[in-house]
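Chain residues, written in single-letter form:
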Amino acid sequence: MSTVVDKNARHGSSLQQARLPGWAPYALVVVSLALGAGIGTALGMGNPFQMGLLAALVFIVASYALGAVVEGGRQAKNRLATSLVWVCFLLAVVPLLSLIWETIDRGRTVLDGYFLAHSMEGVQTILPGGGAYHAIIGTLEQVGLAALIAVPIGLLTAIYLVEYGRGRLAKAVTFFVDVMTGIPSIVAGLFILSFWIIILGFSYSGFAGAMALAILMMPIVVRSTEEMLKLVPDELREASLALGVPKWRTILKVVLPTAIGGITTGVMLAVARIAGESAPIVLLVFGATGINNNPFEGAQSSLPYYIYEQWQLGNEASFNRAWAAALVLIAFVMILNLVARGIARWKAPKSGR
Amino acid sequence: MKTDIAPTSSAAGSPPKVRTRSTGRAGDKIFLGLSRGSGIALLVIMAAIAAFLTYRAAIAISKDEANFLTAFEWNTSSSPMRFGIAVLAYGTVVSSIIAMLIAVPIAVGIALFISHYAPRRLATTVAYVIDLLAAVPSIVYGLWGALFLVPHLTGLYTWFDDYLGWTGILSYQGGAARSLFTVGILLAIMILPIVTSVSREVFRQVPKMHEEAALALGATRWEVIRMAVLPFGRSGIISASMLGLGRALGETMAVATVLSPNFLIETSLLDPGGGTFAQNIASRFKEAGNDGRDALIASGLVLFVITLLVNGAARMIIARRKEYSGTAA
Amino acid sequence: MAKRIDISGLTAYYGTHKAIEDISMTVEPRSVTAFIGPSGCGKSTFLRTLNRMHEVTVGGRVEGKVMLDDENLYGSGVDPVSVRRTVGMVFQRPNPFPTMSIFENVAAGLKLNGSYKKSELGHVVEKSLKGANLWNEVKDRLNKPGAGLSGGQQQRLCIARAIAVEPDVLLMDEPCSALDPISTLAIEDLIGELKERFTIVIVTHNMQQAARVSDRTAFFNLAGVGQPGKLIEIDETERIFSNPSVQATEDYISGRFG
Chain E
1 MSTVVDKNAR HGSSLQQARL PGWAPYALVV VSLALGAGIG TALGMGNPFQ MGLLAALVFI
61 VASYALGAVV EGGRQAKNRL ATSLVWVCFL LAVVPLLSLI WETIDRGRTV LDGYFLAHSM
121 EGVQTILPGG GAYHAIIGTL EQVGLAALIA VPIGLLTAIY LVEYGRGRLA KAVTFFVDVM
181 TGIPSIVAGL FILSFWIIIL GFSYSGFAGA MALAILMMPI VVRSTEEMLK LVPDELREAS
241 LALGVPKWRT ILKVVLPTAI GGITTGVMLA VARIAGESAP IVLLVFGATG INNNPFEGAQ
301 SSLPYYIYEQ WQLGNEASFN RAWAAALVLI AFVMILNLVA RGIARWKAPK SGR
Chain Z
1 MKTDIAPTSS AAGSPPKVRT RSTGRAGDKI FLGLSRGSGI ALLVIMAAIA AFLTYRAAIA
61 ISKDEANFLT AFEWNTSSSP MRFGIAVLAY GTVVSSIIAM LIAVPIAVGI ALFISHYAPR
121 RLATTVAYVI DLLAAVPSIV YGLWGALFLV PHLTGLYTWF DDYLGWTGIL SYQGGAARSL
181 FTVGILLAIM ILPIVTSVSR EVFRQVPKMH EEAALALGAT RWEVIRMAVL PFGRSGIISA
241 SMLGLGRALG ETMAVATVLS PNFLIETSLL DPGGGTFAQN IASRFKEAGN DGRDALIASG
301 LVLFVITLLV NGAARMIIAR RKEYSGTAA
Chain D
1 MAKRIDISGL TAYYGTHKAI EDISMTVEPR SVTAFIGPSG CGKSTFLRTL NRMHEVTVGG
61 RVEGKVMLDD ENLYGSGVDP VSVRRTVGMV FQRPNPFPTM SIFENVAAGL KLNGSYKKSE
121 LGHVVEKSLK GANLWNEVKD RLNKPGAGLS GGQQQRLCIA RAIAVEPDVL LMDEPCSALD
181 PISTLAIEDL IGELKERFTI VIVTHNMQQA ARVSDRTAFF NLAGVGQPGK LIEIDETERI
241 FSNPSVQATE DYISGRFG
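In order, the protein sequences belong to chains E, Z and D.
The opening residue of the first sequence carries number 1 in full-length UniProt numbering; numbering runs sequentially from there.
The opening residue of the second sequence carries number 1 in full-length UniProt numbering; numbering runs sequentially from there.
The opening residue of the third sequence carries number 1 in full-length UniProt numbering; numbering runs sequentially from there.
Treat each hint with caution, since some may be false.
[Unchecked claim] Residues of chain E clear of chain D, computed beta-carbon distances all greater than 12 Å:
{"hint": "1", "residue": "Val30"}
{"hint": "2", "residue": "Leu66"}
{"hint": "3", "residue": "Ser203"}
[Said to hold, decoys possible] Label pairs and their calculated CB-CB ranges:
{"hint": "4", "chain 1": "E", "residue 1": "Leu231", "chain 2": "Z", "residue 2": "Gly33", "range": "18 to 28 Å"}
{"hint": "5", "chain 1": "Z", "residue 1": "Ala319", "chain 2": "D", "residue 2": "Gly148", "range": "16 to 26 Å"}
{"hint": "6", "chain 1": "Z", "residue 1": "Pro207", "chain 2": "E", "residue 2": "Leu200", "range": "52 to 62 Å"}
{"hint": "7", "chain 1": "E", "residue 1": "Asp234", "chain 2": "Z", "residue 2": "Gln205", "range": "15 to 25 Å"}
{"hint": "8", "chain 1": "E", "residue 1": "Leu338", "chain 2": "Z", "residue 2": "Pro207", "range": "27 to 37 Å"}
{"hint": "9", "chain 1": "D", "residue 1": "Val225", "chain 2": "E", "residue 2": "Asp234", "range": "30 to 40 Å"}
{"hint": "10", "chain 1": "E", "residue 1": "Gly113", "chain 2": "D", "residue 2": "Val225", "range": "52 to 62 Å"}
{"hint": "11", "chain 1": "Z", "residue 1": "Glu65", "chain 2": "E", "residue 2": "Phe202", "range": "23 to 33 Å"}
{"hint": "12", "chain 1": "E", "residue 1": "Gly201", "chain 2": "Z", "residue 2": "Ser78", "range": "17 to 27 Å"}
{"hint": "13", "chain 1": "D", "residue 1": "Gly75", "chain 2": "E", "residue 2": "Ala68", "range": "21 to 31 Å"}
[Unchecked claim] Simulated pairs of lysine-lysine, BS3-like, Cα-Cα distance not exceeding 27 Å:
{"hint": "14", "chain 1": "D", "residue 1": "Lys111", "chain 2": "D", "residue 2": "Lys130"}
{"hint": "15", "chain 1": "E", "residue 1": "Lys230", "chain 2": "E", "residue 2": "Lys253"}
{"hint": "16", "chain 1": "D", "residue 1": "Lys65", "chain 2": "D", "residue 2": "Lys195"}
{"hint": "17", "chain 1": "Z", "residue 1": "Lys208", "chain 2": "D", "residue 2": "Lys18"}
{"hint": "18", "chain 1": "Z", "residue 1": "Lys208", "chain 2": "D", "residue 2": "Lys111"}
{"hint": "19", "chain 1": "D", "residue 1": "Lys111", "chain 2": "D", "residue 2": "Lys139"}
{"hint": "20", "chain 1": "E", "residue 1": "Lys230", "chain 2": "E", "residue 2": "Lys171"}
{"hint": "21", "chain 1": "E", "residue 1": "Lys230", "chain 2": "Z", "residue 2": "Lys208"}
{"hint": "22", "chain 1": "D", "residue 1": "Lys118", "chain 2": "E", "residue 2": "Lys77"}
{"hint": "23", "chain 1": "E", "residue 1": "Lys253", "chain 2": "Z", "residue 2": "Lys29"}
{"hint": "24", "chain 1": "D", "residue 1": "Lys139", "chain 2": "D", "residue 2": "Lys117"}
{"hint": "25", "chain 1": "D", "residue 1": "Lys117", "chain 2": "D", "residue 2": "Lys144"}
{"hint": "26", "chain 1": "D", "residue 1": "Lys111", "chain 2": "D", "residue 2": "Lys127"}
{"hint": "27", "chain 1": "D", "residue 1": "Lys18", "chain 2": "D", "residue 2": "Lys230"}
{"hint": "28", "chain 1": "Z", "residue 1": "Lys29", "chain 2": "E", "residue 2": "Lys171"}
{"hint": "29", "chain 1": "D", "residue 1": "Lys144", "chain 2": "D", "residue 2": "Lys118"}
{"hint": "30", "chain 1": "Z", "residue 1": "Lys208", "chain 2": "E", "residue 2": "Lys77"}
{"hint": "31", "chain 1": "D", "residue 1": "Lys127", "chain 2": "D", "residue 2": "Lys195"}
{"hint": "32", "chain 1": "Z", "residue 1": "Lys208", "chain 2": "D", "residue 2": "Lys144"}
{"hint": "33", "chain 1": "D", "residue 1": "Lys111", "chain 2": "D", "residue 2": "Lys144"}
{"hint": "34", "chain 1": "D", "residue 1": "Lys139", "chain 2": "D", "residue 2": "Lys195"}
{"hint": "35", "chain 1": "D", "residue 1": "Lys127", "chain 2": "D", "residue 2": "Lys117"}
{"hint": "36", "chain 1": "D", "residue 1": "Lys117", "chain 2": "E", "residue 2": "Lys77"}
{"hint": "37", "chain 1": "E", "residue 1": "Lys77", "chain 2": "D", "residue 2": "Lys111"}
{"hint": "38", "chain 1": "D", "residue 1": "Lys139", "chain 2": "D", "residue 2": "Lys118"}
{"hint": "39", "chain 1": "Z", "residue 1": "Lys29", "chain 2": "E", "residue 2": "Lys230"}
Don't read these hints as lab results, they were simulated from the structure.
In this text, a Cβ means the ideal position worked out from N, Cα and C, and glycines have one as well.
All chains, full assembly: derive it from the sequences and hints.
If you want it as structure tokens, here you go:
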């Protein structure tokens, strides 16, 4: 036996390893928090977040050092990785919680029935008052129109890819759907701008915005529908075809109904995604303070645009309106998400696994 | 539905399609036509995007008296126009790189936390919340960034200036922290959910048997991750990062709300100034005349090409990974 | 350094479900012990308690003692990581690390513990591959991915990987169930050679295999679905297959059930 093996054998002969007791990490957390707060105060950091960072740093170093002294290098590395991963998690949670908290906390100050039912028509922008009704209408119409355009095209494209798609056309479509997913929203807006407004000479309208949103929505619908259709077991298709049902009826009557839950989820998630888009709206819908119910004629507003606009006004009253609108928008998007995920769980496709 | 599976001779031609009634055939043709048409429509849209942007961009660039690629100015209201994208390219790339440097390690950490460290219930909750956070609209991030993050960063930046100011790139003259670095931090927070959820998905797909192989050799949890999880997930992490990068490059409104733009390349990342492609378009659009809009479209075309390249690379890595794991399985 | 395993009063759970109950037996060093029994009788679970892999599963829990010579694997202060290094394991499906080359796969366990010179490593890798009867087949492509080998070769690669760290015991969980007959034969021959150096425990579905490779055989059974699996008897393989002392064993071996 070589020396290498001997070394291992000796190592393996004792299963007993010096280990830190189970409560050590918890004790260390308490100690580091105390140290973080203490040192932080001593250095004059007023910010609890900075103290937290300091505590995290103390914890990482201390648990590594302790592990290295008591348990040896490998265990110490393991402890280091564990504490780093936990710190990553905590580090990420802080800003995200803060975002939600700020939006709710500051949004609720002016969010009430009046805010939801009135526009900004004739409201002095530096004074409190006014609402986001016109923006809500705008968002609903633009997103609705976008969905009307994008869902049929997206669905049919997905059906083509899954049920018919072979050969170079299908490959090209698959590739460009992926490419399309990555188009920045502002670029989609610029495209509609150059094509619809500059070249064809139409004016700014909700519909122009809806077209840009549709471009952003299409690839999402295609992707999610594709995934769902692929989950439909081939046995179902074959069973139907074997009964002499033509392919198109098989797709409509057997495949789509089986996947409908997942498809609905995908569409709703896509809607939630584009409802928050503001860049194309800035370019194409142009923004309005009053109510414009007609998406095909004249400028409109939308919730994301409204937030941007109110933020730009730069005074306390408009900031409050911006937060309130942000709260409405987040609530809308979150409800769509929750419902969509609910449907997905409720109507989970029977994948046969 | 009728099932006339008569033993007709035509059945031999196409085995699954026994039925030969003409209504079925016509229906099939129409349906195929519609769905193929939609696929083609999608291709046409993509082609049109490239074509129209290029067309307008060409018009704008032909009127540009300055060098489009290297000029440090954006003056489209006077004639002749003078504009160039150097500052925008710098700002876009720098802010995205900062975002990646912050977001990717943390996102991988969270993904590992969810897939391998957290107690099960906490893990599912965290995963769910992260997915929901991916749905928060960018303008809300922008609002939060401008009204909450920016005021809270001045302390940190002053600290940077005290200890690292000598480097030049981390000096800070005070004032609102509406700089490229702030943009980078905000973008990092914004792309964190997507990078996390893609990486988590990849880590979850690591075959249990590879992890057990490592465990059975006497590996600690970290060593299991290093031996079995990270190598398996490496290309997944890369493509997740690229997807995040694609988002960061094209992010518009959050940057427009947080950044205090100018058309200079500042030495310090912490001082306000600079700009990005998307932010520049959104900020200048309302004041731009017809020529000015074309100039903005030209810069948009550059952004389009950059994001295409980044996303294309990400997709290629994913595709290769699929093939690879396909043969390995 | 083959060691004796003494198991006493071992019970294992998945959450609240009791998978195996009150198992006591002795596994002799330098011999092959086979575990047989119908599906779900807990023989694989039992195997995984012998290197503390059972507790890796969510909700996995163990009561009882497993003495490796004179050390209890479940004693306080025992590090599961060192247990697994002392008690190696080969799995049902060959699982070489897909991103590593053949060489790296074999060296994987060694690299965990400190640094080795390249030449030392090469020496151990060669020795292990020879020990797994794989050296001649792969010596010219040590830098190729391990996943490129055939199923049987992959399994022998996994055995090489397991013996490279010189464990005291080698556990094998149905190592041939994913392999064709010729590869199976190669593995069985290998087991015969390896028992000169290691204590080997093998779980198998295949009774002929148990009869061919093992010195002693343990038969496990369960009273019904949802009931915990129990050890029915353990004896010399010859006796188990010719003249078992329990009726259920005979029924199972003669194919009357299971």
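Now the hints, each set against the structure:
No beta-carbon of chain D comes within 12 Å of the beta-carbon of E/Val30; the shortest separation is about 24 Å. The beta carbon of E/Leu66 sits about 16 Å from the closest Cβ of chain D, which is more than 12 Å, so the claim that it is off the interface holds. Chain D leaves E/Ser203 outside its interface by the beta-carbon criterion, the shortest separation being 57 Å against a cut-off of 12 Å. A hinted range of 18 to 28 Å holds for the C-beta pair E/Leu231 and Z/Gly33, which are about 26 Å apart.
About 20 Å separates the C-beta atoms of Z/Ala319 and D/Gly148, a value consistent with the hinted range of 16 to 26 Å. Judged by the Cβ atoms, the range 52 to 62 Å given for Z/Pro207 and E/Leu200 holds: they are separated by roughly 54 Å. Between E/Asp234 and Z/Gln205 the Cβ separation comes to about 23 Å, which falls inside the hinted range of 15 to 25 Å. In this structure the supplied range 27 to 37 Å holds for E/Leu338 paired with Z/Pro207, their Cβ-Cβ distance being about 32 Å.
The hinted window of 30 to 40 Å between D/Val225 and E/Asp234 holds, with their beta carbons roughly 32 Å apart. For the pair E/Gly113 and D/Val225, the supplied restraint of 52 to 62 Å holds, since their beta-carbon distance comes to about 60 Å. Here the CB-CB span from Z/Glu65 to E/Phe202 is close to 31 Å, well matched to the stated 23 to 33 Å. Under the hint 17 to 27 Å, the C-beta atoms of E/Gly201 and Z/Ser78, about 25 Å apart, fit the expected range.
The supplied range of 21 to 31 Å is met by D/Gly75 and E/Ala68, whose beta-carbon atoms lie about 24 Å from each other. Using a Cα cut-off of 27 Å, the hinted pair D/Lys111 and D/Lys130 holds, with the two alpha carbons roughly 19 Å apart. Restraint check for E/Lys230 and E/Lys253: the C-alpha separation of about 16 Å stays at or below 27 Å, so the hint holds. Distance check on the hinted pair: D/Lys65 and D/Lys195 sit about 24 Å apart at the alpha-carbon level, within 27 Å; holds.
At most 27 Å may separate the alpha-carbon atoms for a hinted pair to count; Z/Lys208 and D/Lys18 meet this at roughly 23 Å. At roughly 21 Å between alpha-carbon atoms, Z/Lys208 and D/Lys111 fall within 27 Å of each other, so this suggested pair holds. At most 27 Å may separate the alpha-carbon atoms for a hinted pair to count; D/Lys111 and D/Lys139 meet this at roughly 20 Å. With a CA separation close to 16 Å, the supplied pair E/Lys230 and E/Lys171 stays within the 27 Å bound.
Pair hint E/Lys230 plus Z/Lys208 holds up; C-alpha atoms about 25 Å apart against a cutoff of 27 Å. A hinted pair counts as satisfied when its Cα atoms are at most 27 Å apart, and D/Lys118 with E/Lys77 qualifies at roughly 23 Å. For the hint pairing E/Lys253 with Z/Lys29, the CA-to-CA distance comes to about 17 Å; that is within 27 Å, so the pair holds. Distance check on the hinted pair: D/Lys139 and D/Lys117 sit about 19 Å apart at the alpha-carbon level, within 27 Å; holds.
At roughly 21 Å between alpha-carbon atoms, D/Lys117 and D/Lys144 fall within 27 Å of each other, so this suggested pair holds. With a C-alpha separation of about 16 Å, the suggested pair D/Lys111 and D/Lys127 falls inside the 27 Å cut-off, and the hint holds. Under the criterion of a C-alpha separation no larger than 27 Å, the hint pairing D/Lys18 with D/Lys230 is consistent with the structure, at around 11 Å. Between Z/Lys29 and E/Lys171, the direct Cα distance comes to roughly 21 Å. Compliance with the 27 Å bound is thereby established for this hinted pair.
For the given pair, D/Lys144 sits about 17 Å from D/Lys118 by alpha-carbon distance, which is consistent with the 27 Å threshold. Note on Z/Lys208 and E/Lys77: the hinted pairing holds, with a Cα-Cα distance of about 23 Å set against a maximum of 27 Å. Between the alpha carbons of D/Lys127 and D/Lys195 the distance comes to roughly 16 Å, so the proposed pair stays at or under 27 Å and holds. In summary, the hint linking Z/Lys208 to D/Lys144 is supported, as the alpha carbons are separated by about 23 Å, within the 27 Å threshold.
Restraint check for D/Lys111 and D/Lys144: the C-alpha separation of about 19 Å stays at or below 27 Å, so the hint holds. A C-alpha spacing of about 24 Å is found between D/Lys139 and D/Lys195, which places the hinted pair at or below 27 Å, so the restraint holds. At roughly 16 Å between alpha-carbon atoms, D/Lys127 and D/Lys117 fall within 27 Å of each other, so this suggested pair holds. Taking the CA atoms of D/Lys117 and E/Lys77, the gap is near 22 Å; set against the 27 Å cutoff, the hint holds.
Straight-line distance between C-alpha atoms of E/Lys77 and D/Lys111 comes to about 15 Å, which keeps the hinted pair within the 27 Å bound. Of the pairs offered as hints, the one joining D/Lys139 and D/Lys118 holds, with about 16 Å between alpha carbons and a cut-off of 27 Å not exceeded. For a cut-off of 27 Å, the pair hint linking Z/Lys29 to E/Lys230 stands: about 22 Å separates their Cα positions.
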